[in-house]
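Same order as they appear, the protein sequences are chains A and B.
Take the position in the first sequence, starting the count at 1, then add 28; the result is the number in this note's numbering.
For the second sequence, position 229 matches number 225 in this note's numbering, and the numbering has no gaps at all.
If you're looking for bench data, these hints aren't it; they were derived computationally from the structure.
For each residue, glycine too, the CB sits at the ideal point set by N, CA and C.
Treat the hints with caution; some may be incorrect.
What the hints assert, rightly or not - Covered stretches of chain B, going by a simulated chain A footprint (3 or more residues, C-beta under 8 Å): (1) 182 to 192; (2) 241 to 248; (3) 346 to 357.
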Amino acid sequence: MPLARRGTLYSFTTVHVGEPRVLGYVDLEDGVRTLADIVAGPLPLTPDAPVEFVVDGDAWFFRLIDANLDNPKGSGK
Amino acid sequence: MTTVPSAGDNVYIVGAAMIPIAKHRNSSYVGLAVQPLIDALTSAGVDKTQVDAVYCGHAYGGMMTGQRICKEVGLGGIPTVNVDNACSGGASAVHEGWAAIRRGDADVVVVIGVEKLTQFAGGTLPLSGEDREVRQGIVMPAVYAMRATRYLHERDATVEDLALVSVKAREHGSRNPFAQMRTPVTVDEVLAARMIADPLTLLMCCPTGDGAAVVVLASERARAKLSAPAVRIAASVLHSGQVAEGFRDMTRPEITYDSAREAYEQAGIDPGDLDVVELHDAFAIAELVYYEALGLAEPGRAVDLIRAGATTYGGKVVVNPSGGLLAKGHPVGASGVAQMVEMYWQLNGMAGDRQVDDARLALTHVTGGGTAGLDHGACTVHILEAVR
């Protein structure tokens, strides 16, 4: 079953255990919550920010939609 | 289901002991637990031949931890059950012992909580690799950090409020010879400490340590033959988490709300009646969230308590007089029993420099286990009453 590719960032943290890594919970538009790596881009992360699903090679993550204006690769459409 | 106690159904703690929580790197699980086992039996005035059952809480002790400990004192030939419920393991073992006495299966039960976290290389607690979020990289500090990020976003709260929790814990711990962290810290020191998972710094996280604690439980008729100080278990509640694959309010941990509500009902008291509380402050944010979940603060008002000093000595209710998990330490499976030992001492006026004046009603709370889709895997709430 395909899931929605956009959602809102419920919460997040940068984990400083080993290499720093940003993890967050994303509430997808279809109601599913998923844990994911989060990429901020130039704008700072904030709870309730809109995010979208991105596949980059073997990696997948969510990034702020506002941070993505110059790169439509992750638009998911 | 709620079990309402009836007259004659009383269960008491009649003996208690623990070792100081520390990095006991050269000790085994057996080595950690044998001394408090002997001390608890001695303090209760109970001979090993009087013990009807043993429950042993631990998470990482391996097979037959309880049996390996008990054989060293010749305690055997009785039901002995090992209980794993992560951070709730020790208190779950108490709950099982309480239930065995309530069922009439036992008159005297020994409950052991023991853990050796220095067996691991350091860093965060090992979690089950079968869990999907664990495979994605979740660690316990990240769970609580996301709770904190959301809490600070929704509430009129700051990182300084989180730091105040750690400052209080370390001040209380400085009075406790059983605490792992005994030096007071300042707000500035807490905020300047190494970042673990933002906004949580190292001093907002419980330390890695080893420990063991033991309590002896007795039925009404067994207690009548003993002369040791006692406390009555007025409520004993154990809940598992309920799965939610969608939205979950991380500032409102419903497993603790529900467990606490059931405990207050069982004991027939209100949160405002409590004199002293030991709650699950594994990370500083947890204390603020649990003030509200346990009904010590109105929703959204937890920071008022910590800012006003309402949860330290001289305040409305003393929370974590032992120093809590942040300062006393958190050897996972031992912590729930260690909380009971602290309250046995508090309610009998035996808590030394950290004694809460005229403490008569106490609550203990542990919850834990990072599992995808659950708030927490398990939550245990006990209410204890002085019988002096």
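At least three residues with a C-beta closer than 8 Å to a C-beta of chain A: is that true for the stretch 241 to 248 of chain B?
It holds, with 5 qualifying residues against the three required.
Using C-beta distances, would you say chain A covers the stretch 346 to 357 of chain B, given that this needs three or more residues below 8 Å?
Check failed, 0 qualifying residues.
Verify this for me: three or more residues of the stretch 182 to 192 of chain B with a beta carbon less than 8 Å from a beta carbon of chain A.
Contact hint for the stretch 182 to 192 of chain B vs chain A: holds, 3 residues under 8 Å.
In the structure shown, a violation is registered for the earlier hint numbered 3 alone.
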